[in-house]
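Peer 1: So the sequence shown is numbered by the UniProt record's numbering: it starts at 1 and just counts up by one.
The set of hints was computed from the structure by calculation and includes no laboratory data. No residue lacks a Cβ here, since even glycine has one placed at the ideal position from N, Cα and C. Wrong hints could be hidden among the right ones.
Unchecked claim - List of simulated lysine-lysine pairs, BS3-like, C-alpha gap at most 25 Å: (1) 41 - 197; (2) 81 - 14; (3) 81 - 18; (4) 126 - 81; (5) 167 - 177; (6) 181 - 224; (7) 20 - 229; (8) 148 - 224; (9) 74 - 41; (10) 3 - 81; (11) 207 - 197; (12) 78 - 148; (13) 74 - 197; (14) 224 - 172; (15) 172 - 207; (16) 74 - 198; (17) 148 - 74; (18) 224 - 177; (19) 18 - 3.
Claimed, not checked - Here are the computed distance ranges between Cβ atoms for each label pair: (20) 54 - 1: 14 to 22 Å; (21) 64 - 224: 21 to 29 Å; (22) 175 - 21: 48 to 56 Å; (23) 119 - 17: 41 to 49 Å; (24) 170 - 10: 43 to 51 Å; (25) 62 - 150: 23 to 31 Å; (26) 120 - 190: 35 to 43 Å; (27) 150 - 3: 24 to 32 Å; (28) 4 - 231: 22 to 30 Å; (29) 185 - 145: 35 to 43 Å; (30) 15 - 49: 23 to 31 Å.
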Amino acid sequence: MIKPTIQGVLNIMKACLKAKTVRRLVFTSSAGTTNITEHQKPIIDETCWTDVEFCRRLNMTGWMYFVSKTLAEKEAWKFAKEHGMDFIAILPALVIGPFLLPTIPSSVISALSPINGIEAHYSIIKQAQFVHIEDICLAHIFLFEQPKAEGRYICSACDVTIHDIVKLINEKYPEYKVPTKFQNIPDQLEPVRFSSKKITDLGFQFKYSLEDMYTGAIDTCIEKGLLPKPAEIPANGIEHK
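All chains, full assembly: derive it from the sequences and hints.
Peer 2: So this is what it looks like as structure tokens:
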């Protein structure tokens with residue numbers, strides 16, 4: 001996963017140079033390239049980088065994704081500087097909202113893990129940041145068109161904990177009866193703060209709230225038959241296998 005990710009990015013950048021018609025490349029990196037370190041800053045911004053060796057030692061859920069994204073972005077910056085490319089990296093938080101795929105996207109699987117009882121993903125949303133799919137699409141266009149844009153840009157609309165998430169789900173979809181207590185996760189938990197100040201200072205505005213993101217994702221799952229309709233759920237909630 002790691003080598004193909006790096007090589008794939010470099011192949012695209014080489015193709016852009018060869019074409020001689022690409023004036024700016026906006027690369028989709030990840031907010032996960034910033035925050036996985038042994039000693040976190042109070043607020044995560046674009047100067048922060050994930051510690052790849054710490055990530056490997058931690059062996060967390062999805063560690064290969066975070067390592068591959070971090071190394072790929074670093075190699076992309078090196079290549080861009082060597083070849084004088086106008087290069088922008090956008091760092092999305094966990095992307096959720098409605099989707100077109102016939103199956104649940106991986107980010108939505110993590111976001112909805114309390115509904116489906118996928119405990120391995122609880123660590124991902126324990127202290128999470130989210131952005132709506134439409135907001136991240138608009139941010140790509142914004143950064144491509146904005147003449148003053150340069151460098152890295154975190155794109156995160158909100159910082160929340162797993163307790164905020166299950167509270168929202170239970171209020172909007174009480175039939176799912178998602179748990180409110182989690183093993184090895186404290187009841188009192190502060191969010192990890194990510195700063196999107198750099199992109200908002202340029203004039204970008206986020207349109208969608210956490211509620212918009214979750215209702216969009218859950219309603220899409222229901223429409224596609226990927227989650228049971230609330231009226232079809234047994235009184236004791238979804239049975240997790």
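Peer 1: It remains to establish, for every hint, whether it holds in the given structure.
Peer 2: Checked hints:
1. For the given pair, residue 41 sits about 16 Å from residue 197 by alpha-carbon distance, which is consistent with the 25 Å threshold.
2. Using a Cα cut-off of 25 Å, the hinted pair residue 81 and residue 14 holds, with the two alpha carbons roughly 13 Å apart.
3. For the suggested pair residue 81 and residue 18, the alpha carbons sit about 16 Å apart, so the restraint of at most 25 Å is met.
4. Annotation: proposed proximity of residue 126 to residue 81 is violated, straight-line Cα distance about 36 Å (limit 25 Å).
5. A distance of roughly 10 Å separates the Cα atoms of residue 167 and residue 177; the hinted pair therefore holds under the 25 Å criterion.
6. Note on residue 181 and residue 224: the hinted pairing is violated, with a Cα-Cα distance of about 29 Å set against a maximum of 25 Å.
7. Pair hint residue 20 plus residue 229 does not hold up; C-alpha atoms about 51 Å apart against a cutoff of 25 Å.
8. Our distance criterion of 25 Å between C-alpha atoms is broken by residue 148 and residue 224, whose separation comes to about 41 Å.
9. The straight-line distance between the Cα atoms of residue 74 and residue 41 is roughly 20 Å, inside the 25 Å bound, and the hint therefore holds.
10. Between residue 3 and residue 81, the direct Cα distance comes to roughly 21 Å. Compliance with the 25 Å bound is thereby established for this hinted pair.
11. A distance of roughly 15 Å separates the Cα atoms of residue 207 and residue 197; the hinted pair therefore holds under the 25 Å criterion.
12. The hinted pair formed by residue 78 and residue 148 meets the criterion: a straight-line CA distance of about 21 Å does not exceed 25 Å.
13. Restraint check for residue 74 and residue 197: satisfied, since their Cα atoms lie roughly 22 Å apart, inside the 25 Å limit.
14. At most 25 Å may separate the alpha-carbon atoms for a hinted pair to count; residue 224 and residue 172 meet this at roughly 19 Å.
15. Of the supplied pair hints, the one linking residue 172 and residue 207 holds, its CA atoms being roughly 20 Å apart against a limit of 25 Å.
16. Only pairs whose Cα atoms come within 25 Å are accepted, and residue 74 paired with residue 198 is accepted, the gap being roughly 20 Å.
17. Taking the CA atoms of residue 148 and residue 74, the gap is near 22 Å; set against the 25 Å cutoff, the hint holds.
18. Simply put, residue 224 and residue 177 have alpha-carbon atoms about 21 Å apart, close enough for the 25 Å limit, and the pair holds.
19. Proximity of residue 18 to residue 3 is assessed by CA-CA distance (about 22 Å); at most 25 Å being required, the pair is judged to hold.
20. Roughly 18 Å separates the CB atoms of residue 54 and residue 1, a value that falls within the hinted 14 to 22 Å.
21. As the Cβ distance of residue 64 to residue 224 is approximately 28 Å, the hint placing it in 21 to 29 Å holds.
22. With their beta carbons about 53 Å apart, residue 175 and residue 21 fall inside the hinted range of 48 to 56 Å.
23. Checking the proposed 41 to 49 Å range against residue 119 and residue 17 shows it holds: the Cβ atoms sit about 45 Å from each other.
24. Between residue 170 and residue 10 the C-beta distance comes to about 46 Å, which sits within the given range of 43 to 51 Å.
25. Distance hint check for residue 62 and residue 150: the Cβ-Cβ separation is about 29 Å, which falls inside the suggested range of 23 to 31 Å.
26. A beta carbon spacing of about 23 Å between residue 120 and residue 190 contradicts the range 35 to 43 Å that was offered as a hint.
27. Here the CB-CB span from residue 150 to residue 3 is close to 29 Å, well matched to the stated 24 to 32 Å.
28. Restraint check, residue 4 to residue 231: a C-beta distance of roughly 44 Å breaks the suggested window 22 to 30 Å.
29. Here the CB-CB span from residue 185 to residue 145 is close to 41 Å, well matched to the stated 35 to 43 Å.
30. Checked against the hint of 23 to 31 Å, the C-beta distance between residue 15 and residue 49 comes to roughly 26 Å, which is consistent with it.
The structure shown violates the earlier hints numbered 4, 6, 7, 8, 26, 28.
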